[in-house]
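Engineer: Below are the chains, spelled out letter by letter.
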Amino acid sequence: MDAGASTYLIRPNYKDKFKAGVAKECIGEILREQLYGVQYDPEEAPALSRALADCIKNKLRDVGFDRYKLIVQVVIGEQRGEGVKMAARCLWDADTDSFAQDIFMNDSLFCVAAAFGVYYY
Amino acid sequence: MDEDQSAEEVTDTKIIIAVESTIGNSSYQHSKINQWMSGIVESSLSQLTKLGKPFKYIVTCIILQKNGAGLHTASSCFWDNSTDGSCTVRWENKTIYCIVSVFGLAI
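These protein sequence lines are chains A and B, in that order.
Quick note, the first sequence lines up with residues 0 to 120 if you use numbering that gives the first Met the number 0.
Quick note, the second sequence lines up with residues 0 to 106 if you use numbering that gives the first Met the number 0.
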């Protein structure tokens with residue numbers, strides 16, 4: 000974070016922007032890989048959601064969104080026919096900041112992962 | 000950092016007020032969910048903006064019907080610990096669970 004701070008860039012280059020498409024694919028891949036065939040288990044779910052969040056965050060850092068602060072939120076729920084809704088609103092610079100999300104569902108659980116990228120001026 | 004932490008306490012109270020004023024005593028109704036969602040998230044965000052601090056905010060809200068199912072949420076953040084922070088508020092009534100997370104990032 001400190002190495003980039005001295006260049007005083009207030010806008011990322013077009014190619015350095017947080018790309019929602021790329022991020023969505025990363026998220027989707029990780030969710031499918033890690034949750035395929037997994038049953039909902041109330042003991043393991045907390046650790047699993049934390050691990051997924053860390054894994055997604057590390058993968059996004061590797062993809063290389065420089066000068067972006069990342070926030071990844073993962074929600075895992077049991078499928079029992081209940082109604083669920085998740086929404087987000089953000090106060091940010093629409094030009095530089097963006098988000099990506101993906102959902103994974105199987106018979107016993109559903110998982111929503113959202114990643115937000117906020118530019119560090 | 001101290002300023003940031005007391006901002007989190009203030010945020011907590013403001014969010015609880017926003018949630019209660021929107022869904023207060025209501026029962027889960029599928030048709031009203033969208034309306035409640037927008038209401039909660041927008042009023043939380045506008046309360047935060049009124050604080051007038053140099054922060055970018057991300058507010059997420061999850062509304063869940065109570066029927067015995069389990070739900071877990073986790074978040075992982077790559078930011079500057081000394082200036083950025085988050086807070087999560089859980090609220091419930093007889094038929095609804097509501098979880099609101101606020102992330103504040105310093106500019």
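Note that these hints are calculated values from the structure, not bench results.
Being a predicted model, the structure only gives us computed values, none of them experimental.
Ideal Cβ positions, reconstructed from N, Cα and C, are used throughout, including at glycine.
Some hints here could point you the wrong way.
[To be verified] Straight-line C-alpha distance at most 27 angstroms; calculated DSSO-like pairs for lysine-lysine: (1) B/Lys-52 x A/Lys-58; (2) B/Lys-13 x A/Lys-16; (3) B/Lys-13 x B/Lys-49; (4) A/Lys-18 x B/Lys-55; (5) B/Lys-13 x A/Lys-18; (6) A/Lys-16 x A/Lys-56; (7) A/Lys-16 x B/Lys-31; (8) A/Lys-56 x B/Lys-55; (9) B/Lys-31 x A/Lys-14; (10) A/Lys-14 x B/Lys-65; (11) A/Lys-16 x B/Lys-55; (12) A/Lys-84 x B/Lys-13; (13) A/Lys-84 x B/Lys-55; (14) A/Lys-18 x A/Lys-56; (15) B/Lys-93 x A/Lys-23.
[Unchecked claim] Stretch by stretch, here's where chain B covers chain A in the computed footprint (C-beta under 8 angstroms, at least three residues): (16) 17-28; (17) 48-57.
Engineer: With reference to the structure, classify each hint as holding or not holding.
Structural biologist: Results of checking the hints against the structure:
Of the supplied pair hints, the one linking B/Lys-52 and A/Lys-58 is violated, its CA atoms being roughly 31 angstroms apart against a limit of 27 angstroms. As the CA atoms of B/Lys-13 and A/Lys-16 are separated by approximately 33 angstroms, the hinted pair breaks the 27 angstroms bound. For the given pair, B/Lys-13 sits about 11 angstroms from B/Lys-49 by alpha-carbon distance, which is consistent with the 27 angstroms threshold. Proposed proximity of A/Lys-18 and B/Lys-55 is supported: the alpha carbons are some 19 angstroms apart, at most 27 angstroms.
Between B/Lys-13 and A/Lys-18 the CA atoms are separated by roughly 33 angstroms; this puts the pair beyond 27 angstroms, and the hint is violated. Only pairs whose Cα atoms come within 27 angstroms are accepted, and A/Lys-16 paired with A/Lys-56 is accepted, the gap being roughly 16 angstroms. Restraint check: the Cα-Cα separation between A/Lys-16 and B/Lys-31 comes to about 36 angstroms, which exceeds 27 angstroms; the hinted pair is violated. For the proposed pair A/Lys-56 and B/Lys-55, the alpha carbon gap of about 19 angstroms is at most 27 angstroms, so the pair holds.
With a CA separation close to 41 angstroms, the supplied pair B/Lys-31 and A/Lys-14 exceeds the 27 angstroms bound. At roughly 45 angstroms between alpha-carbon atoms, A/Lys-14 and B/Lys-65 are farther apart than 27 angstroms, so this suggested pair is violated. Restraint check for A/Lys-16 and B/Lys-55: satisfied, since their Cα atoms lie roughly 17 angstroms apart, inside the 27 angstroms limit. Between A/Lys-84 and B/Lys-13, the direct Cα distance comes to roughly 21 angstroms. Compliance with the 27 angstroms bound is thereby established for this hinted pair.
Between the alpha carbons of A/Lys-84 and B/Lys-55 the distance comes to roughly 24 angstroms, so the proposed pair stays at or under 27 angstroms and holds. Using a Cα cut-off of 27 angstroms, the hinted pair A/Lys-18 and A/Lys-56 holds, with the two alpha carbons roughly 14 angstroms apart. Taking the CA atoms of B/Lys-93 and A/Lys-23, the gap is near 36 angstroms; set against the 27 angstroms cutoff, the hint is violated. Using a Cβ-Cβ cut-off of 8 angstroms, 0 residues of the stretch 17-28 of chain A lie near chain B, which falls short of the minimum of three, so the contact claim is violated.
Coverage of the stretch 48-57 of chain A by chain B holds in this model, with 7 residues showing a Cβ closer than 8 angstroms to a Cβ of that chain against a need of three.
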